[in-house]
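Now for the letters of each chain:
Number of protein chains: 2
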Amino acid sequence: MNNAAGSPNKELYLRELTDKVIPFWEKNCTDREYGGYFNSLDRDGSVYDTEKFMWIQWRTVWMFSELYLKLRKNERWLEMAACGYEFLTRYGKDEQGRYYFALARDGSPSMAPYSVFSDCFAVMGAAAYYRACGREDARQEALSAFQSYLDREDRPKGEWTKELSGRKPMKNLGFYMMKANLAAVLEECLGDSSYRREMREAIDTVMNEFRHPEYGIVFENVGLDGNFDLSSMIGRQLNPGHAIEAMWFIMSAADRMGDRGLVERAADVVLAELKFGWDKEYGGIYYFMDVLGKPHVELQWNMKLWWVHCEALVATAMAYKLTGRQDFKEWFEKIHAWTWSRYPDPEYGEWFAYLDRFGNITHTLKGGKWKCFFHLPRMLLVCSQLLEG
Amino acid sequence: MNNAAGSPNKELYLRELTDKVIPFWEKNCTDREYGGYFNSLDRDGSVYDTEKFMWIQWRTVWMFSELYLKLRKNERWLEMAACGYEFLTRYGKDEQGRYYFALARDGSPSMAPYSVFSDCFAVMGAAAYYRACGREDARQEALSAFQSYLDREDRPKGEWTKELSGRKPMKNLGFYMMKANLAAVLEECLGDSSYRREMREAIDTVMNEFRHPEYGIVFENVGLDGNFDLSSMIGRQLNPGHAIEAMWFIMSAADRMGDRGLVERAADVVLAELKFGWDKEYGGIYYFMDVLGKPHVELQWNMKLWWVHCEALVATAMAYKLTGRQDFKEWFEKIHAWTWSRYPDPEYGEWFAYLDRFGNITHTLKGGKWKCFFHLPRMLLVCSQLLEG
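If you read the protein sequences in the order shown, they are chains D and B. Quick note on numbering that gives the first Met the number 0: the first sequence kicks off at 0 and runs consecutively. Quick note on numbering that gives the first Met the number 0: the second sequence kicks off at 0 and runs consecutively.
With the rest of the complex left out, here is chain D (with noise of 0.2 angstroms):
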């Protein structure tokens, strides 16, 4: 552990994101050759795989796009930003307009579609990229994505859904909590408010369906006639990071439609959210946990990673400034001490991705699979703003 962390306040933040997170991916992710980005990095920044999966290749336009607009007006996070878009645009789509997974460092198809957030990243990357240069191609393609998002909704891995009639229908989070949040991207990059039916569907899907009444917390996968199967691993599956992302979104659309009384039950939620994924022994929050405490399925579930830290200081700052409550300034501390000793890397910068239960490092990475310039960036601008004053 290292003793990184400073009393919480907006300069801290802000100050991180501008020395020791932007300058590393700036540094290190453009593919200057091939344009898109490197995303496998190790701690210093080398590229250790060059392969370019989809969700993060996106979620970069969208973070150098947002940092454009929301930070400062700096042209070259604009072209960072085009780096990926042209690229992306270019080789990632199949015949039916549907994103591929991944892509070979030179563009050709290296994965399958069989992911719908992979066009879900995408709108959300050329909305931003959109809203920041204004180039019309890029609100046509943010819509299209937004469609095909749309169209997936009730097979979202297409022809690679490998669930059969034996097993009992269900829908996941993921897909209704991304919804109501492209709907948001959408209304903010475009200025254009016609979604707002879905997002209120979406936000009541995930209230009224996934949470349950009596636990007060969210889970990751019910019915699709919105009943809960304790009986089933699946059914019974948490993964509290998940449900804390959801609930800053829902808190932010609420707050901005003026919903009072939602900003209070999803405030509610964060709270019940971190009583029962924090782990009381070690400090941290869970991966993924079963609601009855039985066994679970994955491996890594007693991990602790760093978007899902990033998440939880998001949401509790955003909701001790919409609802006043102390609880959450307390939460919003504790979290805030245990993630700064530990994520940063003093040497490099950037933060370190993985720690198991204890809090070890387990990986050097700075980027994989899965982590890329986005869930960190976001919560350092998103909290340097909440916790202004």
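Any given hint might turn out to be false.
Note: identical chains are not told apart, hence a pair may lie in one copy or across any two.
Below, in silico cross-link-like pairs of lysine-lysine (PhoX-like), each with a Cα-Cα straight-line distance of 20 angstroms or less [unchecked claim]:
id : residue 1 : residue 2
1  : Lys-333   : Lys-279
2  : Lys-167   : Lys-368
3  : Lys-293   : Lys-368
4  : Lys-156   : Lys-170
5  : Lys-161   : Lys-333
Just so you know, these hints were derived from the structure itself, not from any lab. This structure is a prediction, so every number in the text was calculated from the model and none was measured.
With chain D's structure known, arrange chain B on it following the hints.
Below, chain B without anything else, positioned relative to chain D:
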């Protein structure tokens, strides 16, 4: 850590099998209502999920048949094998004759037949069951499942394959090590030596293409052309337990064929794997590694799994018996001490499955999606035979 580790002798291994492991499964695993087995069993044997995963189901058929054949003609074990055999042959296959990945408790298909190893374990289970009871339909089942396995060599995941043209085409160790093992099982159980050619080819592939000439260890994935790819995560991936398991299959086959040179070469690999995969700080063998020590894509790479240590006990005991080299005796004793002091459950019998890097138990399960009545009882049976005298 408990102190179950006695001195490694035949009696200890046999007593653990007959007094602690077999009774746990005899008592808890049979589904008398629908047929097949309950396999998601918590520490005390209670059922925490009822889905029936195909690998697991057929491995259980194999193990009960094997015990009947090699330990004692206990009719109850034959009945328990029949309980799976009847259920799986009735419900297990799709219209193309491929085994589903999973069935619901009542036998309806729940997961698509995307894994060639479902067919693989059907070969083992049906062949051993045939040898135990002589039913002609079981012999036919073993042969047709083996044909299905061979037919799937070029595209083991069938229409669920996600890899596209941008990925360097690779082959996976698992397919070839199991091809060699299945040919050996068919020879042993059906008395049919017509698969010698397939066995020899598969062994040559493992030893000549997957074994790296400089490292002396076996890789998980190599190019279709047999070339190593040290520039990608997939190409650098190692799974020492897998490689060690492959080596005792090969030593055993080589011994039967009278090929002493091959015995020695496979034994050399076991030694190289142990030197590479043993955790010098905390003991035990890592689950996944990167040959260049770069970040591993699997979060759980540094965990210590029961099956890895079971396979290492078999491999070192066998290598010592066949080569007489003192190294293997020392390694066997070292692995024995580490394993027996951590995995056995002193309270409910059977062994725990998953430990973190430091040797702490992370899951209470005795059976799950991947652990079943297979690696542990097979190891206890084989080691008790190898430790004879």
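How do Lys-333 and Lys-279 come out at 20 angstroms by Cα distance, when the copy is not named: within, between, both, or neither?
-> within (12 angstroms within a copy, 35 angstroms between copies)
Under a CA distance limit of 20 angstroms, which applies to Lys-156 and Lys-170: within one copy, between copies, both, or neither?
-> Cα proximity of Lys-156 and Lys-170: one copy only (12 angstroms, versus 25 angstroms across).
If the cutoff is 20 angstroms on CA atoms, where do Lys-161 and Lys-333 land: within, between, both or neither? Let me know, please.
-> For Lys-161 and Lys-333, neither the intra-copy (41 angstroms) nor the inter-copy (42 angstroms) Cα distance is at most 20 angstroms.
Homo-oligomer pair classification [Lys-368, Lys-167; C-alpha up to 20 angstroms] = between (30 angstroms within a copy, 17 angstroms between copies)
Give the relationship of Lys-293 and Lys-368 under a CA distance limit of 20 angstroms: within one copy only, between copies only, both, or neither.
-> Classified as between: cross-chain Cα gap 14 angstroms, same-chain 29 angstroms, threshold 20 angstroms.
Hint 5 alone, counting from the list given before, is not met by this structure.
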